[in-house]
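Knowing the structure of chain A, use the given hints to seat chain B on it.
Chains A and B, in that order, are what the protein sequence lines are.
Heads up: the first sequence begins at 17 in this note's numbering, then just goes up one per residue.
Heads up: the second sequence begins at 3 in this note's numbering, then just goes up one per residue.
Keep in mind the hints are simulated off the structure, nothing from the lab.
Fair warning: this is a prediction, and the values are worked out from it, not measured in the lab.
Don't take each hint at face value.
[Stated by the list, open to error] Taking lysine-lysine pairs in the DSS-like style, the calculated list, with each CA pair at most 25 angstroms apart, reads: (1) A:K383 with B:K321; (2) B:K206 with B:K247; (3) A:K287 with B:K247.
[Stated by the list, open to error] Quick look at which bits of chain B chain A covers, simulated, 3 or more residues with Cβ under 8 angstroms: (4) 195 to 206; (5) 318 to 325; (6) 353 to 360; (7) 411 to 419; (8) 486 to 498; (9) 644 to 656.
C-beta atoms are modelled at their ideal positions from N, C-alpha and C, and glycine is treated no differently.
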Amino acid sequence: MGKLWVISIASIFMLLPFLGNAFSPESPTDRRVLVLLDDSAIKSSHSIYFNSLKSRGFDLEFKLADDPKIALQRYGQYLYDALILFCPSVERFGGSIDLAAILDFVDSGRDLIIAADSSASDLIREVGIECGVDFDEDPSAMVIDHIGYAVSETEGDHTLIASDDLIKSDVILGSKRIEAPILFRGIGHSLNPANNLVLKVLSASPSAYSANPKSKLSTPPSLTGSAISLVSIVQARNNARILITGSLSMFSNKFFRSGVQKAGEKTKHEKSGNEQFLTEISKWVFHERGHLKTVNVKHHKVGETDEPALYRINDELEYSVEIYEWSGKSWDPYVANDVQVQFYMMSPYVLKTMSHNKKGLYSTSFKVPDVYGVFQFKVEYQKLGYTSLSLSKQIPVRPYRHNEYERFIPAAYPYYGAAFSMMAGFFVFSFVHLYSK
Amino acid sequence: MTTNLHFEMVRGLVGFMVLLLLLSICEAASFYQPISDSHRSAALELFSPDHGSFNSLEETYEALRTFDILGIEKKPNVITAACHLISNAVGSSSSTTKDLFYALKANSIVKCKINDKAFQDILTRLNTAVNDASSLLDFYYSIGGLVLIKLSSCFYFPPYVLIHCLAMLNQSSNADVHLTNADEIFHSVKAFSQSDGRWRYSSKNPESSAFAAGIAFETLAGVVSLASSELDQSLVSTLNNDISKLFDSIEKYDDGALYFDDKLVDGHDHQGPLATTSSVVRGLNAFAAVSDGSHNLPGNKTLGLANFFLGIGVPGDAKDLFNQIDSLACLESNRQGFPLAFLMGSIPLIFSLPFTVISLTKKNSLQVKVNTVLGSNAPPLTVKLVGAFTSGSKDASLVESQELVFDAGTGLHNLNNLPKSIDVGSYTFVFEILLHEPEHEKVYVTGGQKKVPIFVSGLIKIENAEIVILDSDLGSIETQKKLDLAGQSDVSLSANHLQKLRVSFKLTTPCGLAFMPHQALLKLRHESKVEHIFVVGNSGEQFEIVLNFLGLVEKFFYLSGRYDIELTVGDVVMENSLLRAIGHIELDLPEPPEKAPRPPPQPADPYSRYVPKAEITHIFRAPEKRPQKELSLAFMGLTFLPLLGFLFGLLRLGVNLKNFPTNAMPATFAILFHVGIGAVLLLYVFFWLKLDLFQTLKLVGLLGVFLVFVGHRILSYLAATSAKLKSA
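Bound-form chain A, shown alone (with noise of 0.2 angstroms):
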């Protein structure tokens, strides 16, 4: 009895970390995210952002970032879906939380917001390095742009960016064109060219530089003109996402509010972009729009529904999968024109577009190759800012049987011919032979 206590509390422990998992296709829709702050002031100085996010259904938690009783999983179980470091500031977490433990945070899927500014310590840098971008390594550097700086009659050393240099994804941004610039002031970052993962979201103008607004320039800035990224975005490969921006105060309700007129332009845009910008990215980064996922994979012969358990060569097949993305609410279909599936075997033999319905479900057909053995239907979708599909089923495919090849060639009756004829001949003989005087 007691042996059997044993093993169910540690199967209960051994499924634990499966319950908590970050962005799940069951349950989507619960989601809490920790936010540390360097001083709760900013919790009234960005509250619009923070009511946009609560007024999507985020349970939000401040926390001061040196709160000794901060903490991101209890007894193994993540206690949060979301992480959000409005703390450039800080040099040490409080609590257990530390660098490993944000990292194992991604690790597991969940996502990530990080806001740095001129301030940004250390810790943030390196969190910064882990997730693929490199800050401005000189601690006073800003980004400064004389040709694409927002008007301003009381901030003129120019520091204060309009930019609109966006990436074209409606995935990430939405399908409504951001038409106001976007103002930023921050330090820049560039991103590793290694890594693949990580995307330039909002980029500075040619005319950008990175430096001390304050002392002569002598050396060349280590970052200049479109290389300098504003704000990038990485998918991990686990789909969690992440969010990076040197500019803190691009969040504030000040900015949210402000107008901007970009330096040579003659309209003025009343509000600036930041709020649709930043609003519409954090629905990306949580997950409310470009996550994918599949259901009911099917393939069977034309004509037929079952599924079977092998293909013969030259056989004529139906594959159909269907797609839905969540929106946030609900899983709506999805609906593009290159999902591919391939049939695998080493390397594709056969690799062909899907057609669809408009309602998620991609199909098509084609006829199994003339090569036998162990094949795979493969599905592999990668799209900007969509998360990635994989998926693969194995399926063998044997040759034909000895009775299903062709019976009658004509082209073989003349031996046929030949053969029966030696045998009529035969039979005459036979009678020739025993009979005949």
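For chain B alone, kept in the frame of chain A given last:
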């Protein structure tokens, strides 16, 4: 409505300084803008009632109070809805003291009709509540309610509420609300105070907070004003002690903003610094109104608190907005010499500039605005420019001190013509505020000299721009091209590694002095997107860079080919900052040696990474070539020709069957033997048509046994017959 607050339309107030210095990079002299239209529009946006009414009485009061202070006209439907809520709360016997408190507070603004009987009921209920109260909040709501009813205590309110108080006086016949046991209540509230100046909410709750302190001060102020007889002054003075202790725990930002914050780690009712500071300010304001002002705060504390509230900018939350506006109103509340006026130290005056970027080309004048925190006019004063310094330098002032001209129409102090000595550049201007009337200096606090960073921008003239290819050893000019940096230029040059490239230009300010921009960068971009950036240095008046390609081949990774040249010149005060693609240069560099450094990898284009793959279709094995069916049939016919020849030959030989046995027995066996052979041959035909090998072998086995048997009989018979014939 006697609003003392004359709001000036503050034009061009863009961008409040961000609340925290940590967000701001200006270490010098950050200054705040007073309350402006953006607060008004934020108030209308944040306090938007659902279906005409607010969610709670508290929210109703906050909305009404904010609108009142900001001078926003209240919509009639909001007032009706508020009155409906108020009369519901007042009329209902189930409403809590908190509801009653906020109902009365809201009523003091909207002046709804409440009948006398209801007032009497509330009065008795509040009186019992005071006597039953055990926690700080119980006292706060019930005493607060009584204070609101007590009409003679109208002076307690900021002056513009006085009118409403007087209006209420007419409604209610019961004007003599007072506490007989005021001393006792004072003591029981005072019992919640802690030694550090913070207060507890109740005797059971050990946690103390500054937020509770503010509530306690407001409550005690109410007790003092409700006391039927004069309270013991020693009680009031102990409270003064508490206040100064509380101020010991005040926190400070680097820019001088002061605030209170409760460092409760997990307090479920933890308030932010704004709510806490606001509560303290409200409490002190209320307490100052009833005390004799013996504890007044130094002016810099008031200014620090005002800076804190203004530094928040426009809050994004209704509660925060109310706290900010209400506290600022408290800080400003002793304007215009209200009777018991000396409330909290002094009234802060906020110094602001609509523009700090002055363009020499547009001839803007330097304007200064001095307001109270809520944006109303300051008393008569003069703003004086004491000095102007180039940023970062400790040189003597560039200008002599001069007074700014006050324009009564716009309420701005103007410095119409910038001194001649001011060229483009960034400066720190130092201003001083001089109040005209000496007694104002006791009431208003200005905070001493103000240092303001000012940018003076202008058009920079670019001259003598040229690009030259030089021969390395001789220094002789190989190619020389003039550049028009203002317009488009597209030069195409070519050079090898033994040559040099020189780019030079000259920048002069409007005053004719040499100008040194912060950003003067030359960029060479190879076809493979590898970029090289050089800082263009200045030698005297001329900006010049010489690129000696011989020394740069390694840096250029030995990459020959086309390099695009881009020149960026920009500065904070340069209105015509430029980024020009000058043209390109064809570089012919030597072949890389074995161990040459490789160019760094360039980031991949994200768009091309995700394009769909090309389709693959399987190529099936082609079926083998076969002759036409007719040809096969023709050859099959040919195979029967030998058989026909054989049969024809037999006929020609004259074969016969004379040897066929005549006896019945051998004849039967002979027939059976040939039937058997025929069956075997037929079986071959069937084997071809449908049977498989196993079926065929089975049948062949049976037929074989039969054939052996009958074959033996007939063949032995035939052999015997022929032997007989031979022997015969």
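Hint check results:
1. A:K383 with B:K321: With Cα atoms ~68 angstroms apart, A:K383 and B:K321 exceed 25 angstroms; violated.
2. B:K206 with B:K247: Answer holds: B:K206 to B:K247 is near 23 angstroms, not above 25 angstroms.
3. A:K287 with B:K247: violated (45 angstroms)
4. 195 to 206: It is violated: at least three residues are needed, and the stretch 195 to 206 of chain B offers just 0 whose Cβ sits closer than 8 angstroms to chain A.
5. 318 to 325: Result for this restraint: holds, n = 3.
6. 353 to 360: holds (count 5)
7. 411 to 419: violated (count 0)
8. 486 to 498: violated (count 0)
9. 644 to 656: Result for this restraint: holds, n = 5.
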